[in-house]
Each structure stands twice: as C-alpha cells, then as structure tokens.
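Top to bottom, those sequences are chains A and B. The opening residue of the first sequence carries number 1 in the numbering used here; numbering runs sequentially from there. The opening residue of the second sequence carries number 1 in the numbering used here; numbering runs sequentially from there.
Honestly, the hints are just simulated from the structure, not real lab data. You may find that some hints are simply not true.
To be verified - Here are the computed lysine to any residue pairs in the SDA-like style, where the Cα-Cα straight-line distance is at most 20 Å:
| no. | chain 1 | residue 1 | chain 2 | residue 2 |
| --- | --- | --- | --- | --- |
| 1 | B | Lys157 | A | Leu310 |
| 2 | A | Lys7 | B | Lys157 |
| 3 | B | Lys157 | A | Tyr234 |
| 4 | A | Lys7 | B | Leu12 |
Claimed, not checked - Using C-beta positions, here's what the derived DEER-type ranges look like:
| no. | chain 1 | residue 1 | chain 2 | residue 2 | range |
| --- | --- | --- | --- | --- | --- |
| 5 | A | Leu45 | B | Leu5 | 20 to 30 Å |
| 6 | B | Glu149 | A | Asp304 | 40 to 50 Å |
| 7 | B | Ile13 | A | Leu243 | 35 to 45 Å |
| 8 | B | Glu149 | A | Ala52 | 16 to 26 Å |
| 9 | A | Ser192 | B | Leu5 | 20 to 30 Å |
| 10 | B | Ser156 | A | Asn414 | 38 to 48 Å |
| 11 | A | Ala53 | B | Leu122 | 21 to 31 Å |
| 12 | B | Ile13 | A | Leu45 | 23 to 33 Å |
| 13 | A | Thr413 | B | Glu274 | 32 to 42 Å |
Unchecked claim - Negatives, chain A to chain B, calculated, CB over 10 Å:
| no. | residue |
| --- | --- |
| 14 | Trp20 |
| 15 | Ile25 |
| 16 | Val127 |
| 17 | Ser192 |
| 18 | Lys316 |
| 19 | Thr383 |
| 20 | Phe407 |
| 21 | Ser468 |
| 22 | His473 |
Bear in mind that the values here come from a model prediction, so they are computed numbers and not experimental data. Even glycine gets a Cβ: it sits at the ideal position worked out from N, Cα and C.
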Amino acid sequence: MLFNSLKFLVFFIAVFGGYWSIRPIMQKLGKLSYVVSFQNLLLLLASYTFYAAWNVKFLGLILASSVLDYYVGKRMSKTRSDWKRKALLGLSLSFNLGMLGLFKYFDFFSESFADLLHSVGMSINPVVLGLALPVGISFYTFQTLSYSIDVYRNKIPAEKKLLTFLVYVAYFPQLVAGPIERASRFLPQLHSARSFSYTLAIDGCRQILWGFFKKVVVADTCALFANEVFAPGYEGGGVQVALGILFFTLQIYGDFSGYSDIAIGISKLMGIQLMQNFATPYFSRNIGEFWRRWHISLSTWFRDYLYIPLGGSRTKPLKNILIIFLVSGFWHGANWTFILWGAYHALLYVPLFLMGKNRSHLDSLGSSGTTVFWTKELPAVLTTFILVAVGWVFFRAESIHHAYRVFLGLKSTNYVDFPLWSSFDWAWVGLYISIMIVIEFLGRNHEHPLQGLNISVFFRWSLYLFLSFLVIHHFGDEAQFIYFQF
Amino acid sequence: MVSFLFRLLFFLILVVGTINVPRLLLPAYWGNEGHAVKMPYVESHEHINTLFIGSSRTQFHIDPLLFDSVTGKTKSFNLGYSSTRGEESMFFLEGLLAQKDFLKNIDYIFLEVRPLFYDEQLYKNLRGKYQLNRDRLLFLQSYFQPINEFATKDLSKAYVESLLGIGMLREEWIQLLFPSVRLNKSIAFFERRGFANRKKAIESDQINSNLVAAGVDFTDNLDNRRVFALNCYEADTETISTSDSFYVARLNALYGDLSKEGVTLYFIPTLRFENTNLPSLFKKLHQGDLYVETSNPSRYPDFYNPEFSGDAAHLNLQGARQYSILLAELFLSINGPL
Chain A
1 MLFNSLKFLV
11 FFIAVFGGYW
21 SIRPIMQKLG
31 KLSYVVSFQN
41 LLLLLASYTF
51 YAAWNVKFLG
61 LILASSVLDY
71 YVGKRMSKTR
81 SDWKRKALLG
91 LSLSFNLGML
101 GLFKYFDFFS
111 ESFADLLHSV
121 GMSINPVVLG
131 LALPVGISFY
141 TFQTLSYSID
151 VYRNKIPAEK
161 KLLTFLVYVA
171 YFPQLVAGPI
181 ERASRFLPQL
191 HSARSFSYTL
201 AIDGCRQILW
211 GFFKKVVVAD
221 TCALFANEVF
231 APGYEGGGVQ
241 VALGILFFTL
251 QIYGDFSGYS
261 DIAIGISKLM
271 GIQLMQNFAT
281 PYFSRNIGEF
291 WRRWHISLST
301 WFRDYLYIPL
311 GGSRTKPLKN
321 ILIIFLVSGF
331 WHGANWTFIL
341 WGAYHALLYV
351 PLFLMGKNRS
361 HLDSLGSSGT
371 TVFWTKELPA
381 VLTTFILVAV
391 GWVFFRAESI
401 HHAYRVFLGL
411 KSTNYVDFPL
421 WSSFDWAWVG
431 LYISIMIVIE
441 FLGRNHEHPL
451 QGLNISVFFR
461 WSLYLFLSFL
471 VIHHFGDEAQ
481 FIYFQF
Chain B
1 MVSFLFRLLF
11 FLILVVGTIN
21 VPRLLLPAYW
31 GNEGHAVKMP
41 YVESHEHINT
51 LFIGSSRTQF
61 HIDPLLFDSV
71 TGKTKSFNLG
81 YSSTRGEESM
91 FFLEGLLAQK
101 DFLKNIDYIF
111 LEVRPLFYDE
121 QLYKNLRGKY
131 QLNRDRLLFL
141 QSYFQPINEF
151 ATKDLSKAYV
161 ESLLGIGMLR
171 EEWIQLLFPS
181 VRLNKSIAFF
191 ERRGFANRKK
201 AIESDQINSN
211 LVAAGVDFTD
221 NLDNRRVFAL
231 NCYEADTETI
241 STSDSFYVAR
251 LNALYGDLSK
261 EGVTLYFIPT
271 LRFENTNLPS
281 LFKKLHQGDL
291 YVETSNPSRY
301 PDFYNPEFSG
311 DAAHLNLQGA
321 RQYSILLAEL
331 FLSINGPL
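Use the sequences and the hints to build the structure in full.
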C-alpha cells in the first residue's frame with residue numbers, strides 16, 4: 001500500500017477517523033483511562049494491516065522480532081548481572097542481524113565467495129536462497145536494535161507494555177522506509193493519550209503536500225529521464241549522461257525526502273512527532289555537512305551505535321570512518337555498487353576530517369552575508385552537489401561495470417536525443433525543479449520548507465493550490481519509492 | 001478537530017473549484033480536437049455528401065479529391081484524425097445521428113473499424129473526457145471488463161476524476177492559457193479536404209521528428225503486421241470475443257439507424273491492424289453490398305510494401321493514392337457510375 005495510492009487514502013481516512021473518535025467515545029463512557037490503550041491498539045491494528053497489504057507472510061517476522069526484543073528488554077532491566085545482560089543483547093543482535101543477513105545478504109555472500117574461489121581456480125556452485133526481501137526490514141530491524149542497545153546501556157528503561165512496544169516497531173507511517181526512530185523519543189509519546197492538535201495537524205498537512213510534490217511531481221518526472229540514461233546499453237552522448245545523473249540526483253532526493261515528509265506529516269496528523277530525516281542536504285557546503293543533513297535518522301544511528309562504540313574520533317578514527325561509510329553503503333543493498341558508493345563518500349570525508357573541517361558549517365547557509373554567500377558558499381554548495389551526484393552513479397548502477405559505462409558515457413560525443421521528450425516536457429520538468437529549489441532555499445532553516453514561508457496569506461494559499469494541482473495531475477501512477485527496496 | 005476538518009474541507013473545495021475554472025471559461029466541446037476543427041468546415045459546405053471517419057489510418061490514407069475524381073458522384077471529406085479510437089468514431093457517429101438536418105446532405109459514410117484497446121492514460125486527457133459520458137462509460141466498462149481486470153476500476157476512477165475536473169487538469173489549463181497549443185496540429189494538417197500527408201505530419205511533430213533524427217526505423221515491424229494479418233485471414237475463424245460482440249452489436253445498430261436517415265454506412269477494416277483478429281470481427285458486421293478486404297495482405301500486398309509506407313502503421317503519399325483509388329473503384333463497383 002503506497003502513500004501515493006488511493007487505497008492508502010481510504011485506509012488513512014478510516015484510521016484517522018477511528019483514532020480521533022476514541023477519546024470522545026471513552027469520555028462519554030466515563031473510561032478516559034482507556035484512551036491510551038485503545039489508541040495504541042488501533043495504531044497497531046492499522047500498522048499490521050498496512051504491512052500485511054505488502055505481504056502478510058512477513059508479518060510473522062516483524063512480530064517475532066518485536067516480541068523477542070520486548071522480552072530481551074524486560075529481562076535486561078531485571079538483571080544486574082553483566083554477562084546475562086550481554087547475553088541478552090547478543091541474542092537480540094544475533095536474531096535481528098541474522099534475519100537481515102539471511103534475507104538480504106546471504107545470496108550476496110554466497111555468490112561472492114564462489115566468485116572468490118573461482119578467481120583462484122576453484123569452482124563451486126553457490127547456494128542461492130532467492131528469498132524475497134521483506135519490505136522495510138532494514139528499517140524496523142535497526143529501530144528495534146536501537147531499543148535493545150539503549151536498554152543495555154541503561155539509557156532508557158525497558159518498555160513495560162507489549163502493546164506499546166509492538167506499536168513502536170510497526171508504526172505504519174515510518175514502518176517501511178523510516179525515519180528510523182529512537183525509543184527514547186518515540187515511546188514516551190505512546191505512554192500518554194494523544195490529544196488532537198490543530199497546529200500540529202495543519203503543519204502535518206503542509207508537510208504531506210510538500211512531500212507529495214517532491215515525490216509525485218519532481219522525483220517521478222525526473223525518473224522518466226534518469227531511467228532512460230541508466231538503462232543498460234544506453235548509448236547517449238556526454239551531455240545526456242550528465243543530465244541523466246543530474247536527474248537521478250534530484251529523483252533520489254525527491255523520492256526519499258518526499259517519503260519522509262509524507263510519513264512525518266501523517267504522523268503529525270496522528271499526534272505523534274517523528275524525527276527530521278532531511279535538512280536540505282543539497283545546500284551543503286561540504287560532505288561533512290551533507291551527511292549531517294541527508295538521511296539523518298540513519299547517519300545518527302550509525303554514529304551512536306557503530307562509530308562511537310568503535311572508538312569514534314579518539315581511537316583509530318580513519319579506520320572507523322571507513323567502516324561506518326562502508327557499512328552504511330552495504331546497508332542499502334547487497335551489491336558491490338553500494339559498497340563502492342560508501343567507499344567513495346569515505347574518500348571525500350577523510351580529507352575533511354584530517355583538516356578538521358568535518359564539523360564546519362554548523363551555521364545556516366547565507367547567514368554570513370550576501371557577499372560570502374555568492375563568493376564562497378554558493379561555489380562550495382555547487383562543488384558538493386557535483387561530488388554527491390557523481391557518487392549516485394554507483395548507487396544507481398546495476399553493477400560496477402555499469403557504473404563504469406555510465407562514467408565512460410560522459411566522454412562520449414554521440415548525439416542521441418531523448419526522442420520521447422518534447423520541449424514542452426522539458427519546460428515542465430524545469431519548472432518543477434525550479435519550484436523545489438526556490439522553496440527549499442526559502443524555507444531551509446525549518447523542519448520542512450512550507451513551515452517557514454514568510455509570505456502573505458494570499459500567496460501562501462495560491463502556492464498550496466498550485467502544488468495541489470501539480471500533485472493531482474501526476475497522482476495515480478503509483479510509482480514505487482526507491483528506498484522501499486532497502 | 002472540527003475547525004481543522006472545516007479548514008481542510010474549505011481547502012479541498014477551493015482546489016476542486018479552482019480546477020474547474022477552465023470548464024466555465026472554455027467552450028463546451030472538448031472531445032476529439034480533429035473533429036472539432038474539421039466539422040465546422042463540413043457543416044458550412046452543404047454539397048459534401050460523403051464522409052470518411054476514423055483514425056490516422058483514415059486521415060493519411062484517403063484522399064477525398066482523388067476519391068471523388070474516380071467516383072464522379074461524390075463530394076467527400078476526410079474526418080479522420082490521428083489516434084482517434086474505435087469507440088470515439090462510433091460515439092462521433094452517434095452524435096451525428098442526433099443532427100437530422102446535417103444528415104440530410106450526407107449519402108455515404110465510410111467508418112474505419114478497429115477493435116478497442118485499453119489505455120489508462122487516454123482517460124486522463126481531453127479526448128478521454130469525451131468518452132467519460134455515463135452511457136459511454138458503461139459501454140466501455142462492459143467492453144473492457146473481460147480483457148483487463150482493472151479496467152472497470154480504472155474507468156470508474158477516471159469518471160469520478162472527470163466529474164471533479166482533476167483528470168484532465170493540465171490539458172484544460174494549458175488550453176485556457178495557451179488556446180492554440182493543441183489545435184494547431186490539426187489546423188496544420190487541414191489540407192485537401194481533411195486528408196493529410198504522413199511525411200509532413202512526422203516532420204511537424206516534435207517527438208516524431210526527434211525519432212527520425214535519432215535514426216529510428218519507422219517501418220521495422222511492418223512485416224510482423226503483414227504476417228499477423230495474413231494468419232488472421234488464413235485462419236478464417238468465425239469466433240469473436242465477448243467484448244468484440246458488444247462492439248459489433250453497436251456498430252450494426254448504427255448501420256440500421258443511419259439507413260433510416262438515408263445514409264449508407266460502409267465499414268472499412270483498419271489497415272495494418274495488430275493484436276486482434278479483425279477479419280473475424282469484420283464478418284459479423286452488416287456489410288450491405290460492399291465487403292472491403294483492403295487489409296488482407298494476400299489480396300492487396302502493395303499495402304504492406306515498405307515502398308508505399310510512411311511508417312509501420314501508415315501508407316505514404318504514393319500508397320494513399322493507390323488506396324484511395326481502390327476504395328473509389330470498389331465503391332463504383334456496387335453503386336455504378338454516375
């Protein structure tokens with residue numbers, strides 16, 4: 001059930017109506033103390049229905065993972081024995097990572113091992129399971145793992161109620177592609193009854209609108225172009241390939257940040273705040289800043305649960321940086337291209353780290369004055385953008401050889417037009433991209449750009465109307481979100 | 001909560017209301033733009049007594065001047081238009097039936113017969129709106145249901161979207177802001193009584209001219225079509241699908257209704273058809289005196305010859321000349337000379 005489908009619209013209207021009816025009904029019955037439980041129960045049923053719409057078989061997996069981590073957390077909180085706590089954490093880690101490994105990485109390792117043996121003259125038939133990847137497994141596994149680790153570290157108390165914990169793992173707006181929430185932030189919101197907040201709901205609607213615009217209008221339109229260039233065997237010229245890379249760079253941002261905005265906005269309508277996942281990453285002035293702004297919930301996860309435990313910046317920082325980027329790449333998929341993508345970013349990040357500039361640019365873009373913006377910041381933003389765009393080639397390519405072919409295509413002087421695109425199509429896509437860039441720039445210091453638009457009511461409403469037209473016009477194709485595959 | 005819902009509702013009403021602004025400002029007719037441009041010409045020329053109705057395979061294949069020069073008894077006009085679908089032509093004829101005064105001048109109508117195909121995108125443009133009238137929708141649903149399991153749902157969705165005005169949003173606004181954009185194309189081809197030259201059409205269309213520049217072979221699947229048509233004619237089956245039987249029933253009803261108005265309807269199978277067994281469908285149609293088998297490659301191999309082709313689906317000017325003359329001769333063979 002995709003957010004950009006009518007099925008989801010009907011589903012959400014039903015859930016929204018039921019959810020906010022609980023309090024008035026309980027009030028009438030004089031059972032206000034039951035509001036929290038019923039609200040959580042409804043969220044759980046809705047979340048499992050949402051997930052079952054993808055694949056009902058994998059519901060057992062998410063349930064098993066949740067129940068295990070719930071009891072692991074409970075047992076950990078009851079024991080003071082260090083080895084028992086370690087054993088319990090080990091159980092949680094091995095189950096969750098084992099599950100991820102089995103479904104996502106087994107075939108890759110098996111085939112890579114066979115290739116390795118083949119290269120030294122030994123030949124074996126790799127064992128290939130060919131299992132379907134459960135939707136969202138990388139996201140909810142990391143979410144539930146963070147809970148076990150936090151309980152182990154005594155950062156948070158173990159959750160007492162199973163129902164609450166099940167909702168934490170399976171909460172439908174962020175279940176299949178994040179943001180990867182932290183228990184310390186999320187669970188307390190489930191402990192008290194949610195009351196409808198007009199301000200939060202309106203803000204949620206704005207964020208949903210902006211998310212849909214980025215996904216349905218910008219990303220899906222750019223995808224038409226990018227898919228053509230990244231199709232294996234594409235023989236276009238350098239300009240076309242460069243444009244294809246640019247369009248994929250915009251597509252992946254529109255797609256994933258659009259999804260996050262929709263998820264966060266929907267959650268706001270349910271009275272629950274999720275963490276910000278993107279903060280205008282393409283306005284970053286170096287790679288360090290980019291990684292503070294791109295997929296924030298995952299990069300902070302790796303920072304807190306991998307980089308710092310490895311020793312962070314104190315012990316062997318370069319090795320730790322390399323590990324975190326490689327693992328981050330590998331998290332996205334079992335393919336050498338993702339590992340190469342991670343390695344490429346590590347390569348960009350290390351020099352910054354060595355120069356002590358990885359934590360620079362903590363201020364907002366443009367806050368140092370107009371001259372600095374035009375002479376220093378804008379060139380830095382463009383350079384970072386180009387470096388990031390080059391990295392996306394590895395991310396998007398089917399194989400390393402394919403990525404190499406795409407780079408080779410940049411040098412090509414072939415002229416192959418995009419036959420199915422008229423100048424009218426170009427004008428539209430140019431308009432969409434311009435709108436996204438301008439509005440994101442104007443609202444860059446806010447959780448989402450429509451939150452901080454300082455324009456008159458008339459222009460604001462006109463903008464909402466215009467964005468709604470564009471979304472409605474493009475709505476209905478139900479194109480998949482890229483990050484659902486991870 | 002209540003104030004939030006009111007505000008949301010107000011916004012949705014505003015969206016739907018604004019979307020519908022073009023409908024208040026645009027003229028009522030937003031169906032087939034080819035018909036929209038060509039019909040005023042026909043209506044203002046009362047001597048025209050013969051019409052050709054169909055898709056680009058009518059528009060680019062039948063030259064009315066040539067046809068008339070052979071028959072000597074007709075004053076014909078080509079109402080064919082690119083991408084006009086089978087159901088669209090049929091609905092158009094139904095519209096003509098309601099115009100009794102207009103039909104008084106018309107003696108013959110040649111209708112290109114082509115089985116319907118399902119394409120969701122079609123119902124999102126202005127042409128689609130033309131077909132999303134309630135009765136037509138019901139017909140389409142019953143036609144497509146056995147072929148495409150999603151058709152009923154998709155068509156219903158398209159119908160609701162059309163009622164709200166959101167289905168053809170961009171096209172209506174473009175039409176309002178730049179009124180000439182969509183109609184220019186048909187005006188450009190409005191030559192020789194509605195007949196158009198395929199080569200010119202390709203050159204003046206950006207996407208097609210891009211394809212020419214990219215070196216795309218326009219006739220690459222011509223032979224596949226020839227083989228397919230040959231197999232269909234050789235198989236000589238009598239069976240047609242349930243869906244096509246709806247189509248046939250409606251076409252035959254049209255034949256009867258037009259006869260009552262004094263108009264003879266001739267069915268012409270679309271040339272170079274693909275996917276559906278057109279010959280078996282064609283046999284179920286009321287043929288009157290004229291049975292046209294121009295799509296049969298064994299009888300008329302020239303119409304599958306690359307030398308007479310503009311592209312895989314269309315004849316070039318030379319092919320169109322042959323085709324128009326053949327049609328006129330067939331017509332003369334049953335109606336006799338003047």
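Status of each hint after checking the structure:
1. For the hint linking Lys157 (chain B) to Leu310 (chain A), the alpha-carbon distance of about 55 Å lies beyond 20 Å, and the restraint is violated.
2. As the CA atoms of Lys7 (chain A) and Lys157 (chain B) are separated by approximately 12 Å, the hinted pair is consistent with the 20 Å bound.
3. A distance of roughly 36 Å separates the Cα atoms of Lys157 (chain B) and Tyr234 (chain A); the hinted pair therefore is violated under the 20 Å criterion.
4. For a cut-off of 20 Å, the pair hint linking Lys7 (chain A) to Leu12 (chain B) stands: about 19 Å separates their Cα positions.
5. In this structure, Leu45 (chain A) and Leu5 (chain B) meet the distance hint of 20 to 30 Å, their C-beta atoms being roughly 23 Å apart.
6. At roughly 49 Å, the beta-carbon separation of Glu149 (chain B) and Asp304 (chain A) lies within the given 40 to 50 Å, and the hint holds.
7. In this structure, Ile13 (chain B) and Leu243 (chain A) meet the distance hint of 35 to 45 Å, their C-beta atoms being roughly 40 Å apart.
8. Between Glu149 (chain B) and Ala52 (chain A), the C-beta spacing of about 22 Å keeps the proposed range 16 to 26 Å intact.
9. The hinted range of 20 to 30 Å is satisfied by Ser192 (chain A) and Leu5 (chain B), whose Cβ atoms lie roughly 24 Å apart.
10. Restraint check, Ser156 (chain B) to Asn414 (chain A): a C-beta distance of roughly 46 Å satisfies the suggested window 38 to 48 Å.
11. Taking 21 to 31 Å as the suggested C-beta distance range, the pair Ala53 (chain A) and Leu122 (chain B) conforms, at roughly 28 Å.
12. With their beta carbons about 32 Å apart, Ile13 (chain B) and Leu45 (chain A) fall inside the hinted range of 23 to 33 Å.
13. Roughly 38 Å separates the CB atoms of Thr413 (chain A) and Glu274 (chain B), a value that falls within the hinted 32 to 42 Å.
14. Listed as outside the interface, Trp20 (chain A) is inconsistent with that label: its C-beta sits roughly 6 Å from the nearest C-beta of chain B, within the 10 Å cut-off.
15. Even its closest Cβ contact with chain B, about 13 Å, leaves Ile25 (chain A) beyond 10 Å, as expected for a residue assigned away from the interface.
16. Taking the minimum C-beta to C-beta distance to chain B, about 38 Å, the non-interface status of Val127 (chain A) holds against the 10 Å cut.
17. The Cβ of Ser192 (chain A) sits about 18 Å from the closest Cβ of chain B, beyond the 10 Å cut-off, so the non-interface label holds.
18. The beta carbon of Lys316 (chain A) is kept farther than 10 Å from every beta carbon of chain B, the shortest such distance being approximately 53 Å.
19. Listed as outside the interface, Thr383 (chain A) is consistent with that label: its C-beta sits roughly 34 Å from the nearest C-beta of chain B, beyond the 10 Å cut-off.
20. Every CB of chain B lies more than 10 Å from the CB of Phe407 (chain A), the least distance being 23 Å, so the non-interface label holds.
21. Against chain B, the non-interface label of Ser468 (chain A) is violated: not every CB pair exceeds 10 Å, the least being about 5 Å.
22. Against chain B, the non-interface label of His473 (chain A) is violated: not every CB pair exceeds 10 Å, the least being about 5 Å.
Figure legend: structure checked against the earlier numbered hints; hints not met, in rising order: 1, 3, 14, 21 and 22.
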